[in-house]
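As they're listed, the protein sequences go chains L, W and G.
Numbering-wise (the UniProt record's numbering), the first sequence opens with residue 1 and increments by one.
Numbering-wise (the UniProt record's numbering), the second sequence opens with residue 1 and increments by one.
Numbering-wise (the UniProt record's numbering), the third sequence opens with residue 1 and increments by one.
Just so you know, these hints were derived from the structure itself, not from any lab.
Check each hint, because a few of them may be wrong.
Stated by the list, open to error - Here chain G is said to cover these stretches of chain W; the calculated rule only asks that three of the stretch's residues, wherever they fall, bring their Cβ under 8 Å from a Cβ of chain G:
hint : segment
1    : 58-69
2    : 86-94
3    : 97-110
4    : 114-123
As the list claims (entries may be wrong) - Over the 12 Å line for every Cβ pair with chain L, so calculated as not near, a few chain W residues:
hint : residue
5    : 24
6    : 29
7    : 74
8    : 80
9    : 130
10   : 133
11   : 140
12   : 196
13   : 220
14   : 221
15   : 234
16   : 252
17   : 253
18   : 261
19   : 265
What the hints assert, rightly or not - What follows is a set of in silico ranges between Cβ atoms, one per label pair, in the way DEER data are often shown:
hint : chain 1 : residue 1 : chain 2 : residue 2 : range
20   : W       : 86        : G       : 187       : 49 to 57 Å
21   : G       : 183       : W       : 3         : 34 to 42 Å
22   : W       : 235       : L       : 240       : 28 to 36 Å
23   : W       : 268       : G       : 6         : 53 to 61 Å
24   : L       : 219       : W       : 268       : 23 to 31 Å
25   : G       : 195       : L       : 141       : 47 to 55 Å
26   : W       : 81        : G       : 195       : 44 to 52 Å
27   : G       : 120       : W       : 80        : 42 to 50 Å
28   : W       : 47        : L       : 130       : 24 to 32 Å
29   : G       : 6         : L       : 81        : 50 to 58 Å
30   : G       : 195       : L       : 241       : 54 to 62 Å
Quantities reported herein were computed from a predicted structural model and do not represent experimental measurements.
The beta-carbon is built from N, C-alpha and C at its ideal position, and this holds for glycine as well.
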Amino acid sequence: MLRIENLSLTIRAQREEIPVLHSVNLTVGRGESVGIVGESGSGKSMTLRSILRIEPDGSTVTGRITFDGTNVLELSGEPLRRLRSHEIAMIAQNPHAVLNPVLAVGRYLVEGMHDAQGMPTRAAKLRAGELLEQVGIDDVDRVLRSYPHQLSGGMLQRVVIAGAIAGNPKLLLADEPTTALDVTTQAEVMAILDDCRRELGMAMLFVTHDLDLAAAVCDRISVMKDGVVVEDGVPDQLRDNPRHPYTRELMASRPASIAWHGSKGATA
Amino acid sequence: MMSSPIVVKHLTKTFRGTRSSGPVLALDAVNLIVEKGTCMAVVGESGSGKTTLGRIIVGLESADSGTVAVGGRLVSGRATRRERQRRSSQIQMVFQDPQSSLNRRLPVRVAIDEVLRIHSTLGAGPRAERCTELFEQVGLEARHLDALPSELSGGQRQRVAIARALAASPSVIVLDESVAALDVTVQAQILDLLTRLRQEQGLTYLFITHDLTVVQQIADNVVVMRKGAIVERGPTADVLGAPQHPYTQLLLECAPRPGWKPQRGVIRALRDESEKL
Amino acid sequence: MMARIFDRMGVLGCIAIGFIGIVLLAALFAPWIAPFDPTVGSVTQRYLGSSAVHLLGTDQAGRDIFSRLLWGARSSLTGPIIVVVVTAIFGTGIALIAVWWGGLVDAGLSRVLDLLFAFPNLLLAMLAIAVFGPSLTTAALALAIAYIPYTARVIRSQAMRERNLPYIRSPQLQGISGTVITMRHLMPNIAPLIITGATINFGFAMIELAALSFLGLGVQPPEADWGLMISNGQQSLLNGYPAESILAGLCIVITVASLGYVGERLGGRAAAGRKA
Numbered sequence: 001m002l003r004i005e006n007l008s009l010t011i012r013a014q015r016e017e018i019p020v021l022h023s024v025n026l027t028v029g030r031g032e033s034v035g036i037v038g039e040s041g042s043g044k045s046m047t048l049r050s051i052l053r054i055e056p057d058g059s060t061v062t063g064r065i066t067f068d069g070t071n072v073l074e075l076s077g078e079p080l081r082r083l084r085s086h087e088i089a090m091i092a093q094n095p096h097a098v099l100n101p102v103l104a105v106g107r108y109l110v111e112g113m114h115d116a117q118g119m120p121t122r123a124a125k126l127r128a129g130e131l132l133e134q135v136g137i138d139d140v141d142r143v144l145r146s147y148p149h150q151l152s153g154g155m156l157q158r159v160v161i162a163g164a165i166a167g168n169p170k171l172l173l174a175d176e177p178t179t180a181l182d183v184t185t186q187a188e189v190m191a192i193l194d195d196c197r198r199e200l201g202m203a204m205l206f207v208t209h210d211l212d213l214a215a216a217v218c219d220r221i222s223v224m225k226d227g228v229v230v231e232d233g234v235p236d237q238l239r240d241n242p243r244h245p246y247t248r249e250l251m252a253s254r255p256a257s258i259a260w261h262g263s264k265g266a267t268a
Numbered sequence: 001m002m003s004s005p006i007v008v009k010h011l012t013k014t015f016r017g018t019r020s021s022g023p024v025l026a027l028d029a030v031n032l033i034v035e036k037g038t039c040m041a042v043v044g045e046s047g048s049g050k051t052t053l054g055r056i057i058v059g060l061e062s063a064d065s066g067t068v069a070v071g072g073r074l075v076s077g078r079a080t081r082r083e084r085q086r087r088s089s090q091i092q093m094v095f096q097d098p099q100s101s102l103n104r105r106l107p108v109r110v111a112i113d114e115v116l117r118i119h120s121t122l123g124a125g126p127r128a129e130r131c132t133e134l135f136e137q138v139g140l141e142a143r144h145l146d147a148l149p150s151e152l153s154g155g156q157r158q159r160v161a162i163a164r165a166l167a168a169s170p171s172v173i174v175l176d177e178s179v180a181a182l183d184v185t186v187q188a189q190i191l192d193l194l195t196r197l198r199q200e201q202g203l204t205y206l207f208i209t210h211d212l213t214v215v216q217q218i219a220d221n222v223v224v225m226r227k228g229a230i231v232e233r234g235p236t237a238d239v240l241g242a243p244q245h246p247y248t249q250l251l252l253e254c255a256p257r258p259g260w261k262p263q264r265g266v267i268r269a270l271r272d273e274s275e276k277l
Numbered sequence: 001m002m003a004r005i006f007d008r009m010g011v012l013g014c015i016a017i018g019f020i021g022i023v024l025l026a027a028l029f030a031p032w033i034a035p036f037d038p039t040v041g042s043v044t045q046r047y048l049g050s051s052a053v054h055l056l057g058t059d060q061a062g063r064d065i066f067s068r069l070l071w072g073a074r075s076s077l078t079g080p081i082i083v084v085v086v087t088a089i090f091g092t093g094i095a096l097i098a099v100w101w102g103g104l105v106d107a108g109l110s111r112v113l114d115l116l117f118a119f120p121n122l123l124l125a126m127l128a129i130a131v132f133g134p135s136l137t138t139a140a141l142a143l144a145i146a147y148i149p150y151t152a153r154v155i156r157s158q159a160m161r162e163r164n165l166p167y168i169r170s171p172q173l174q175g176i177s178g179t180v181i182t183m184r185h186l187m188p189n190i191a192p193l194i195i196t197g198a199t200i201n202f203g204f205a206m207i208e209l210a211a212l213s214f215l216g217l218g219v220q221p222p223e224a225d226w227g228l229m230i231s232n233g234q235q236s237l238l239n240g241y242p243a244e245s246i247l248a249g250l251c252i253v254i255t256v257a258s259l260g261y262v263g264e265r266l267g268g269r270a271a272a273g274r275k276a
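Required output: the full structure, derived from the provided sequences and hints.
Pasting the structure below:
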């Protein structure tokens, strides 16, 4: 469904050309979950941004990104807008940057559906409630009326996820959606994200620096370093039999797993 | 008998908070003893009070009640400059963000040099030598001394911050999320460095972190904090291997690890159980 | 170097810097460039048009307008320089004291500044002039006092943010004195803001000082000053000789606009604590 071929990207900054991506190849099948794992500066986020054509100003993109057969790099205007509103959704690291601080989050959801999908406001309001239930929020009415500063980071990220899945996109781009959250909240949000994705049959491209986190929710993983995909494979293979030295280094940086095999609750 | 480097008794701190949240109890009668030459990890999520604990111990914040003794001497709430100087020869702090922990307009040498100036009677020549020595100890080269922070990587900047802490020859270092902003491969290098320095110089660490894998890599003992109180404490292997408190179990359950799948039901069950206590 | 300035300023910015340079040169070298004495005229030479002798003609007192413009650049720049320097020193000083001591000192200083805010700049200046008599120095100092709260407020908020960063906290923990930390660490990091603010304040000061001179409360005749020239030219304007007022006005507009643009590129009006 999504096919990235030979994607290269350079950013022009202060009369210098800085190469960010070197012929990146990546595919995401329908309903498939693919992870991109890498450290800061590896180009993982930039790959994601190129798909929605939101790379920084003054960057040069070469290669092909095809989504359902159309080359995204050639799109502009209405078709590009349609791609962004109907086909591909994105969630980012910091939900505060996405949500307008002076609007109640209910309005964010309703307006999103009204403007992007042309849904009537009344229907959108009902749908907003359903969506919040879907992302595991109990007191839906209170949350809909709340302003971003009144909610915790985990709650806000769920709202953003609700907004992202509102239009039943075929592909969800997730850029370190849990990095700013506490561990327990991260686990909860990841579980919710994974459940939603499966229920809706949505494909996901998940960017993170945490190999174990990616392994938990992804069918395949690409490891990136310095703008190059150094290795890709299924999580088990990457973990048990990493071929590239960098993947090995990544694995070695985390200690052998904590000797914890689940609580009473986990086994129940 | 030598007293323990850090003894915290019944430490309580309340923040006024916002109008909607009301007062926030950051520390609720916390007791803590860190033995010489060991590394104690303080684990918790945001709002657990772990950072406040560290800030009170080094003197950036004052407690409402309770006492803190560093190196056997009680330290008062609001420290004067002289008191800070004395305390800083005992205890040093390394902050989380290597980006903002160094003055971006001055070569990093200045940060080290000004500490040496306070804590030693060395002249300019010997101080420069000591700077080079400290840099070598933390795995940097002498040429890095004249770099601006922006010319160094995150890991290198954190090494400079560690060198600055060592410059005062303290016996205790408080590390406040000191590797949280770094990439995993760099994290591992810095943790190795910290462990080596501790063994070589007999340092005592109080390591504040949210990351259980970091705890496992560096700490001898660990306390788990939740909402201003310590809910579990003990040797790292025991606490991480056989956690007793449901909150510790929750933290462990949520930590990504090979073969892990986050499950809403499990998380919720553990959370409810720890809320009840 | 040139390329960096160009990157930062753009085409318009470079033109603006060029204008400012010309004005500065004129002010510096007026005694040597000016073909005539700016204060001495002759009744027989009144209202001459542009010629090879009098490049821009003469005014109602028969003085060479070109020479008066060159000399006028001097007082028109000295005034704002006094304002800007005094404002920067005191504004920054107050801000840093408020930030470093915090608590009651901060609260007290903030209230005093609020009080100063309540007075319109020109009113404050006219009040001072009424007490100390009209002169460029009085006008400039009075304006400086009026500007200090703007500068202090902006620098305070920036310094407050910086103060809580670890690079300030860490030396504080070492027991290094507040003065040393402020001068060595805090100052260099807020310096760009101070400079940008000064650039913008310069433009405002120039206009307001010209207004005071126009009202006869600043530079005193027969000295040459752009604001004064506009006011002198009023009569000529009615007599059908608009050159003096228009040229002096143009000088003010171009200089202020250039400075404003450069300041905008450097960091914007926000740095001067002004809305628009």
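We went through each hint and held it up to the structure:
1. Counting residues of the segment 58-69 of chain W whose beta carbon lies closer than 8 Å to any beta carbon of chain G gives 3, which meets the minimum of three for the stated coverage.
2. Counting residues of the segment 86-94 of chain W whose CB lies closer than 8 Å to any CB of chain G gives 5, so the stated coverage by that chain holds, three being the minimum.
3. Counting residues of the segment 97-110 of chain W whose beta carbon lies closer than 8 Å to any beta carbon of chain G gives 9, which reaches the threshold of three, so the coverage claim holds.
4. With 4 residues having a Cβ less than 8 Å from any Cβ of chain G, the segment 114-123 of chain W passes the three-residue criterion, so the hint holds.
5. Every CB of chain L is more than 12 Å from the CB of residue 24(W) (nearest about 14 Å), matching its label as outside the interface.
6. The claim that residue 29(W) lies off the interface holds: its Cβ sits roughly 24 Å from the closest Cβ of chain L, which is beyond the 12 Å cut-off.
7. Listed as outside the interface, residue 74(W) is consistent with that label: its C-beta sits roughly 34 Å from the nearest C-beta of chain L, beyond the 12 Å cut-off.
8. Once the 12 Å rule is applied to beta carbons, residue 80(W) is consistent with being away from chain L; the minimum gap is 37 Å.
9. No Cβ of chain L approaches the Cβ of residue 130(W) within 12 Å, the least distance being about 32 Å, so the stated non-interface status holds.
10. Distance check on residue 133(W): its Cβ is at least 28 Å (rounded) from any Cβ of chain L, clearing the 12 Å threshold; non-interface status holds.
11. For residue 140(W), the non-interface assignment is confirmed: its Cβ lies about 20 Å from the closest Cβ of chain L, beyond the 12 Å cut-off.
12. Residue-level check passed: residue 196(W) sits 16 Å from the nearest beta carbon of chain L, beyond 12 Å.
13. For residue 220(W), the shortest C-beta to C-beta distance to chain L comes to about 15 Å, beyond the 12 Å cut-off, and the non-interface label holds.
14. With a least beta-carbon separation of about 16 Å from chain L, residue 221(W) lies farther than 12 Å from that chain, consistent with its non-interface assignment.
15. With 12 Å as the threshold on Cβ separation, the claim that residue 234(W) sits away from chain L holds: the shortest Cβ distance comes to roughly 14 Å.
16. With 12 Å as the threshold on Cβ separation, the claim that residue 252(W) sits away from chain L is violated: the shortest Cβ distance comes to roughly 5 Å.
17. For residue 253(W), the shortest C-beta to C-beta distance to chain L comes to about 6 Å, within the 12 Å cut-off, and the non-interface label is violated.
18. Not every CB of chain L lies more than 12 Å from the CB of residue 261(W), the least distance being 5 Å, so the non-interface label is violated.
19. Distance check for residue 265(W) against chain L: the nearest CB is about 8 Å away, which does not clear 12 Å, and the non-interface claim fails.
20. One distance hint, 49 to 57 Å for the beta-carbon pair residue 86(W) and residue 187(G), is violated here, with the actual separation near 27 Å.
21. The hinted window of 34 to 42 Å between residue 183(G) and residue 3(W) holds, with their beta carbons roughly 39 Å apart.
22. At roughly 31 Å, the beta carbons of residue 235(W) and residue 240(L) sit within the given window of 28 to 36 Å.
23. Checked against the hint of 53 to 61 Å, the pair residue 268(W) and residue 6(G) passes, with Cβ atoms roughly 60 Å apart.
24. Separated by about 26 Å at the C-beta atoms, residue 219(L) and residue 268(W) satisfy the suggested range of 23 to 31 Å.
25. Judged by the Cβ atoms, the range 47 to 55 Å given for residue 195(G) and residue 141(L) holds: they are separated by roughly 52 Å.
26. For the pair residue 81(W) and residue 195(G), the supplied restraint of 44 to 52 Å is violated, since their beta-carbon distance comes to about 31 Å.
27. In this structure, residue 120(G) and residue 80(W) meet the distance hint of 42 to 50 Å, their C-beta atoms being roughly 44 Å apart.
28. Judged by the Cβ atoms, the range 24 to 32 Å given for residue 47(W) and residue 130(L) holds: they are separated by roughly 31 Å.
29. Residue 6(G) and residue 81(L) have their C-beta atoms about 36 Å apart, which leaves the hinted 50 to 58 Å range violated.
30. Between residue 195(G) and residue 241(L), the C-beta spacing of about 59 Å keeps the proposed range 54 to 62 Å intact.
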